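Asker: So the chains spell out like this:
There are 2 protein chains.
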Amino acid sequence: MSTSKTRETHPAPEALLKLVKFDDRGLVPAIAQDHRNGDVLMMAWMNRAALSETLRSGQVCYWSRSRGTLWRKGETSGQVQHLKDLRIDCDGDTLLLRVAQTGVTCHTGRRSCFYRALRGGEIEDILPVERDPRDLYGG
Amino acid sequence: MSTSKTRETHPAPEALLKLVKFDDRGLVPAIAQDHRNGDVLMMAWMNRAALSETLRSGQVCYWSRSRGTLWRKGETSGQVQHLKDLRIDCDGDTLLLRVAQTGVTCHTGRRSCFYRALRGGEIEDILPVERDPRDLYGG
Chain D
34 MSTSKTRETH PAPEALLKLV KFDDRGLVPA IAQDHRNGDV LMMAWMNRAA
84 LSETLRSGQV CYWSRSRGTL WRKGETSGQV QHLKDLRIDC DGDTLLLRVA
134 QTGVTCHTGR RSCFYRALRG GEIEDILPVE RDPRDLYGG
Chain A
34 MSTSKTRETH PAPEALLKLV KFDDRGLVPA IAQDHRNGDV LMMAWMNRAA
84 LSETLRSGQV CYWSRSRGTL WRKGETSGQV QHLKDLRIDC DGDTLLLRVA
134 QTGVTCHTGR RSCFYRALRG GEIEDILPVE RDPRDLYGG
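Protein sequences appear in the order of chains D and A. Each residue of the first sequence is one higher than the one before, counting from 34 in my numbering. Each residue of the second sequence is one higher than the one before, counting from 34 in my numbering.
Do not rely on the hints blindly, as some may be mistaken.
Each pair may be met inside one copy or between any two copies, as identical chains are not told apart.
Lysine to aspartate or glutamate pairs mimicking DMTMM-like chemistry, simulated, CA-CA at most 25 Å apart [stated by the list, open to error]:
id : residue 1 : residue 2
1  : K117      : E157
2  : K51       : E157
3  : K51       : D126
4  : K54       : E86
5  : K54       : D126
6  : K117      : E155
7  : K117      : D72
8  : K54       : D158
9  : K51       : E155
10 : K117      : E47
11 : K54       : E157
12 : K51       : D158
13 : K54       : E155
14 : K117      : D158
15 : K117      : D67
16 : K54       : D168
By construction, these hints were calculated from the structure, which means they are not laboratory data. In this text, all values refer to a predicted model and were calculated from it rather than measured experimentally.
Bound conformation, chain D alone:
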């Protein structure tokens, strides 16, 4: 598409940015999936700046809706996500990030944020705490 333009080392992702349908808040949901075993790790949001930074740096950056700032995943905890592959759905309104997760994804110290399952009408924790959150966040 941009064959006549000068290529950067990390090309500007115009082809992707054109496809993404950001919502009326300027956000798009991004699902992070472990690229090795397919585990769904978390879902968060990106704005255009977060997506651009992620593609430029190769390290996943979300938009924190609660703080209203870019959220460089792992900046405090060291539990960063390296982007291995990025996919977009048929409607262009959801992203799937295939990532290499350093350590654990969840602030509770679990591998995935989806650690609670409905079993027999009750909620069960199905993943162990692998890291002490106090070690991750200096609490």
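With chain D's structure known, arrange chain A on it following the hints.
Answerer: This is chain A only, laid out in the frame that chain D set:
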């Protein structure tokens, strides 16, 4: 939690409904994942009624934001999703549905809606069309 109440065959998912944080539109994002191989198939939205129906029937029902109605996945196409397991994330604001997908998920006839990947700065289709959409929707 509801041990003193009469148990239904499919117990009312009070334990789950209490945890879910619906957004200001009354919706929660739901990620559908193939329970056999971990493929992420789609992301859509549920309101309380869609979630309740899904749990009651065992067949996934979303909320269509464009049509403003319950969206019984596969009602037209026959490509239904049977719920095998339901998980909720640490914040309670995203659901992960582990499903058995009949046929294909995507209205384009592909196995997953995430069939476009960013490769070398360009977008590539990485999944084949397995079903003719005209067969699925009688077009």
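Asker: Against each hint, give a clear statement of whether it holds in the structure.
Answerer: Consistency of the hints with the structure:
1. With identical chains, the CA atoms of K117 and E157 are at most 25 Å apart between copies only, with a shortest distance of 15 Å across copies and 31 Å within one.
2. For the homomeric pair K51 and E157, the shortest alpha-carbon distance between copies (14 Å) is at most 25 Å, but the shortest distance inside one copy (41 Å) is not.
3. When the C-alpha separation of K51 and D126 is checked against a cutoff of 25 Å, the pair qualifies only within one copy, where the shortest distance is 12 Å, while the shortest distance between copies is 28 Å.
4. Proximity of K54 to E86 under the C-alpha cut-off of 25 Å is restricted to the intra-copy arrangement: shortest distance 17 Å within a copy versus 29 Å between copies.
5. When the C-alpha separation of K54 and D126 is checked against a cutoff of 25 Å, the pair qualifies both within a copy, at 5 Å, and between copies, at 21 Å.
6. Within a single copy, K117 and E155 get their C-alpha atoms only as close as 36 Å, which misses the 25 Å cut-off; across copies the closest is 15 Å, which meets it.
7. With identical chains, the CA atoms of K117 and D72 are at most 25 Å apart both within one copy (14 Å) and between copies (16 Å).
8. For the homomeric pair K54 and D158, the shortest alpha-carbon distance between copies (18 Å) is at most 25 Å, but the shortest distance inside one copy (35 Å) is not.
9. In the homo-oligomer, the alpha carbons of K51 and E155 lie at most 25 Å apart only across protomers (11 Å), although the nearest pairing inside one protomer, at 43 Å, exceeds that limit.
10. Taking identical chains as interchangeable, the C-alpha atoms of K117 and E47 lie at most 25 Å apart only when both belong to the same chain, with a minimum of 18 Å there against 38 Å between chains.
11. For the identical chains of this complex, K54 and E157 are inter-copy neighbours only, at 18 Å across copies versus 36 Å inside a copy, given an alpha-carbon limit of 25 Å.
12. For a Cα distance limit of 25 Å, the shortest separation of K51 from D158 across copies, 16 Å, qualifies, whereas the shortest one inside one copy, 40 Å, does not.
13. Taking identical chains as interchangeable, the C-alpha atoms of K54 and E155 lie at most 25 Å apart only when they sit on different chains, with a minimum of 17 Å there against 37 Å within one chain.
14. Proximity of K117 and D158 under a CA criterion of 25 Å is satisfied inter-copy only: 17 Å between copies versus 29 Å inside one chain copy.
15. For a Cα distance limit of 25 Å, the shortest separation of K117 from D67 qualifies both inside one copy, at 9 Å, and across copies, at 21 Å.
16. When the C-alpha separation of K54 and D168 is checked against a cutoff of 25 Å, the pair qualifies neither within a copy, at 38 Å, nor between copies, at 28 Å.
Against the hints set out earlier in the document, a violation occurs for number 16 only.
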